[in-house]
Amino acid sequence: DSGVTQTPKHLITATGQRVTLRCSPRSGDLSVYWYQQSLDQGLQFLIQYYNGEERAKGNILERFSAQQFPDLHSELNLSSLELGDSALYFCASSVAPGGNYGYTFGSGTRLTVV
Amino acid sequence: ILNVEQSPQSLHVQEGDSTNFTCSFPSSNFYALHWYRWETAKSPEALFVMTLNGDEKKKGRISATLNTKEGYSYLYIKGSQPEDSATYLCAFSGSARQLTFGSGTQLTVLP
Numbered sequence: 003d004s005g006v007t008q009t010p011k012h013l014i015t016a017t018g019q020r021v022t023l024r025c026s027p028r029s030g031d032l033s034v035y036w037y038q039q040s041l042d043q044g045l046q047f048l049i050q051y052y053n054g055e056e057r058a059k060g061n062i063l064e065r066f067s068a069q070q071f072p073d074l075h076s077e078l079n080l081s082s083l084e085l086g087d088s089a090l091y092f093c094a095s096s097v098a099p100g101g102n103y104g105y106t107f108g109s110g111t112r113l114t115v116v
Numbered sequence: 207i208l209n210v211e212q213s214p215q216s217l218h219v220q221e222g223d224s225t226n227f228t229c230s231f232p233s234s235n236f237y238a239l240h241w242y243r244w245e246t247a248k249s250p251e252a253l254f255v256m257t258l259n260g261d262e263k264k265k266g267r268i269s270a271t272l273n274t275k276e277g278y279s280y281l282y283i284k285g286s287q288p289e290d291s292a293t294y295l296c297a298f299s300g301s302a303r304q305l306t307f308g309s310g311t312q313l314t315v316l317p
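Protein sequence lines, in the order shown, are assigned to chains A and B. If you're matching positions, the first sequence starts at 3 in the working numbering and goes up one per residue. If you're matching positions, the second sequence starts at 207 in the working numbering and goes up one per residue.
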């Protein structure tokens, strides 16, 4: 157990639907990151939060949004789902932003859009 | 778009062999270079975070070096064991302070 908790582990949903992925960071970590891994692709950075505030955005679609709550857990909302959104979504956390600290990854949520 | 390249893409070695892989990254605006080990059906696990040119890190049989001026890092595994089989990812952090991952080197150690 890495200390980063992601739920659910698996999600199957239909096109056009909306889902919410949840992440609880490791205790003491203030930064949360979301990554997407599609088939045959590497880890693609989506978005970063630090202590409740958005810090950086990567290749995140407009249909996707995220937030970090006062208790530091984060949620990634995916709407108007398309087949191509099927992927493994990872959450990671670190003590602080900036890259000086290693990331601790959760076990991921596998999303299948049918 | 930042280019983080890893080579080779995959590698098969015999148990006991030593091996190394390369990570190439932009040599400008360097902030940090990370290495992660990713076993199948698990999540990536941090091996090293390196920030200074010439940094060398070691953890057991695994070590890494860093050359920020020319934009490369090497990961070495001495005396590979079957349990070293995994995908090894490097990730670059530049002025934007975000981690950009390479696509990894998939290592298979044959008993």
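Quick caveat, the hints were computed from the structure, so don't treat them as lab data. The beta-carbon is built from N, C-alpha and C at its ideal position, and this holds for glycine as well. Treat the hints with care, since some could be wrong.
As the list claims (entries may be wrong) - So the derived label-pair ranges between C-beta atoms look like this: (1) B:N226 - A:G100: 24 to 32 Å; (2) A:P72 - B:T257: 38 to 46 Å; (3) B:K263 - A:L32: 19 to 27 Å; (4) B:T257 - A:G86: 31 to 39 Å; (5) A:Q69 - B:T246: 30 to 38 Å; (6) B:L258 - A:K59: 26 to 34 Å; (7) A:L32 - B:H218: 39 to 47 Å.
Said to hold, decoys possible - The list that follows gives simulated cross-link-like pairs (lysine to any residue, SDA-like), each with its CA atoms no further than 20 Å apart: (8) B:K248 - A:L41; (9) A:K59 - B:N209; (10) B:K265 - B:S249.
What the hints assert, rightly or not - Chain B side only, calculated, beta carbon under 10 Å to chain A, not exhaustive: (11) G222; (12) N226; (13) P232; (14) F254.
Here's how the hints hold up against the structure:
no.	hint	verdict
1	B:N226 - A:G100: 24 to 32 Å	holds, 28 Å
2	A:P72 - B:T257: 38 to 46 Å	violated, 31 Å
3	B:K263 - A:L32: 19 to 27 Å	holds, 25 Å
4	B:T257 - A:G86: 31 to 39 Å	holds, 36 Å
5	A:Q69 - B:T246: 30 to 38 Å	holds, 32 Å
6	B:L258 - A:K59: 26 to 34 Å	holds, 29 Å
7	A:L32 - B:H218: 39 to 47 Å	holds, 41 Å
8	B:K248 - A:L41	holds, 16 Å
9	A:K59 - B:N209	holds, 17 Å
10	B:K265 - B:S249	holds, 19 Å
11	G222	violated, 29 Å
12	N226	violated, 20 Å
13	P232	violated, 13 Å
14	F254	holds, 8 Å
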